[in-house]
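Asks: Spelled out, the chains give:
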Amino acid sequence: MLSRVADSLYWLSRYIERAENNARILDVNLQLTLDSDHAGPEEEAADWTPILATFEDLKAFRESHPVINAASVCEFVTFSELNPNSILSCISKARENARTVREYISSEMWERINGLYLWIRSQSARDLYQEAAISLYRQIVDHSHQFAGTTDATLTQADGWNFMQVGKFLDRADSVSRILDLKYHILLPQGETVGGTVDTVQWQAVLKSCSGLEAFQKLHTARVTPASVAEFLVLHPAFPRSIRFCVDHLDAALHRISGTDRTQFSNPAERLSGRMLSDLNYTTISDIFQQGLHQYLDRVQLRLIETGQAMFQQYCAWD
Amino acid sequence: MKNPFLSYEVGDFFDEMFGDQGRPRPHYQTLLQRFGELSNDEFERKNLAASQTFLNQGITFTVYSDDRGTERIMPFDAIPRIIPEDEWQKVERGLVQRITALNLFLHDLYHDQRIIKEGVIPAEVIQSAKHFRPEFVGVDVPKDIYIHICGSDLIRDRDGNYLVLEDNGRCPSGVSYVLTNREVMKRVFPSLFADHKVRPVDHYCQELFNLLRHVAPANCPNPEDPTVVLLTPGIYNSAYFEHSFLARSMGIEIVVGQDLIVKDDVVYMKTTKGLQRVDVIYRRLDDDFLDPLAFRPDSVLGVPGLVSAYRKGNVNLANAIGTGAADDKVMYYFVPAMIRFYLQQEPLLENVPTYLTMFEKDRKYVLENLPNLVIKSANESGGYGMLIGPHASQAEIEKFRGAILADPRNYVAQPVVSLSRSPSYCGNAIEGRHIDLRPYILYGEKITIVPGGLTRVALRKGSLVVNSSQGGGSKDTWVVD
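Protein chains in written order, with the numbering used here: chain A, 1 to 319; chain B, 1 to 481.
Just chain A, same shape as in the assembly (with noise of 0.2 Å):
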């Protein structure tokens, strides 16, 4: 297929799974912020600001907002066009790339990504955000989800569904390593301990956030700790929006594209994901908090980089 499709198709990809992942992210801190009784606005400021943290635009932020609240920064995550990382760009940047690939993709995958776009720019989508945000925030995750699945249930399952897979689990890795370290920026309010009610309320948040809290409590019942949460986001090999899943279906996706058998590599960026694979595969959680899960999850973010780089520069680069 062509570099320039492959390369839109990845990215189309990434977008619409970085428009759910930010959805999932200020659904739970809308909720978490329902449950804590901070009243003054300092409080609330620190609610929000490991948010910004997550996404890495503070600074962007700052240029054109005051203050830090649940507002100004659920407008600057949904809604802003400042905010290349907004729901809204996201959005708006996965239907230019459908666009630019509508031969390739499914009528039924334009349609569902056009009806999106159409909606989430309309006053229908405003109406529901300032009634009920959350309720907006179920409706892009559950957007996304139909995306994916008309994607799997239309698109000939080839080199472009394999690039679409790529950049979805590279981008849904990179979201919940980010999810995950959320907590390493969330201070517990004073009084608390780690292990207290509030840490765990917190942990249980990460986990609703990765859709994750039920299938944990069946493996785990309702102890949740540090270790077993992030071991589970970490390393759980089948639940399919843990990190160890996803490297595993993105270097399965690198694999396919190549045709090379999954215990080998033909290129560097199978190269990448298969090493990030066998770590994975070969850790144990104890084993990352003794490094340190704040810098083990940086790496893994560094390293997921590396990957969509190497990708590029195999498949689509020219110059």
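Source of the hints: derived by calculation from the structure; they are not laboratory data. Predicted, not measured: the structure shown is a model, and the values here were computed from it.
Here are the in silico distance ranges between beta carbons for each label pair:
id : chain 1 : residue 1 : chain 2 : residue 2 : range
1  : A       : Gln31     : B       : Gln206    : 48 to 56 Å
2  : A       : Pro41     : B       : Cys426    : 50 to 58 Å
3  : A       : Gln309    : B       : Asp298    : 27 to 35 Å
4  : B       : Gly462    : A       : Gln31     : 53 to 61 Å
5  : A       : Trp318    : B       : Ala429    : 55 to 63 Å
6  : A       : Gln146    : B       : Asp265    : 42 to 50 Å
7  : A       : Leu118    : B       : Pro221    : 39 to 47 Å
8  : B       : Asn40     : A       : Leu118    : 21 to 29 Å
Non-contacting residues of chain B with respect to chain A, defined by C-beta distances greater than 10 Å in every case (computed):
id : residue
9  : Glu85
10 : Ala194
11 : His203
12 : Asn210
13 : Ala218
14 : Phe289
15 : Tyr342
16 : Ser377
17 : Glu396
18 : Leu464
19 : Asn467
Cβ atoms here follow ideal geometry from the backbone N, Cα and C, with glycine treated the same way.
Since chain A is already given, all that's left is putting chain B on it; use the hints.
Replies: Okay, now just chain B, sitting in the frame of chain A:
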């Protein structure tokens, strides 16, 4: 329930649906009966459903009035235009004759120029044709076909005669609306298709694909199965939806300039598996932008080296380079003469009567009758450089008089033709609106015309302008047995 056609006024025009004393023409009777059974509300609902379908499917064109490049749908009028089969056959024969002559003319123009040597067309007309490419004289094109895809604009005069208004022999657009209008009509009014034997149009893309494969270049390594691509200026082009639609329907790659590269006079596309040779390019890009090395050096849309590969017979372009010489407004005047010269036949479809101010006799008539005529500048389009006599001020008329005298070769004049009207749904009433017809003609192994074409409708009351940029819409066009 009130029949929305009861208050319809035919007016002093040729009406497509109603004939003498407002009696419905026979081929519209069933449709009229069905529509009479619908209330205004139902009609409004169906019209809305149709528009929604266009928007959801992204069947839009881009308007550049703001920096965002707003996308709009072309307004759709749900009342179809019906052409009876025998009437269509006459039009079809006329179009076949016309494209045959135009292709013979282009071949002659780029080879021996017999038509000039024998005095049928004055040499200066050729020299003044903006899109003539003298550097291609002597270059052969595959199968001697120049205009592969043509979209001639037809109008009907007061007596219902079909006349050719212009021949679009470069990159005619709009065919995707023919296909999507039909799809939407079938979705919104399925039962109408049970009542009428409407000739299908959906084989257009298959025929286009066959044609593109048929014109593989001389040096194609695999002439049985050439690689065909569609070259688009990109997603910001107003017709991008159409480019994408056609490529998808043919199952070929749609490429932008940066997807192609020329090495040793061979064109390749950049794929994830390396370079792949390209044999035929259906280009939706004007000559000027094709190759910055050959034409406009500032073009970033084109492919450096493409023209050289084309000259060497390593790649073919549809339409050929230089076809614009045949749809120049002055050249249009000579098409009937071309038909007589190359085919020894009388034209089956007439031109709109046209006067060339370069001819002394015509000029005298034109200058005496400026207030009653439409004056067009030969090399401009889109309504620029145009005078509509009956609507013009004395000062404007005098300005054109001066311009014609200064450069008589650059102007043509035509009487104001009152386009036929067709009932159209306008808000809450059905009113007569002016229409034209653009059939799409494919010249490959044989000449194929999908029955009907694109009917454009000037939705603004009284307007004669059918362009989508100026409030024009479209309607489904049925050729019915």
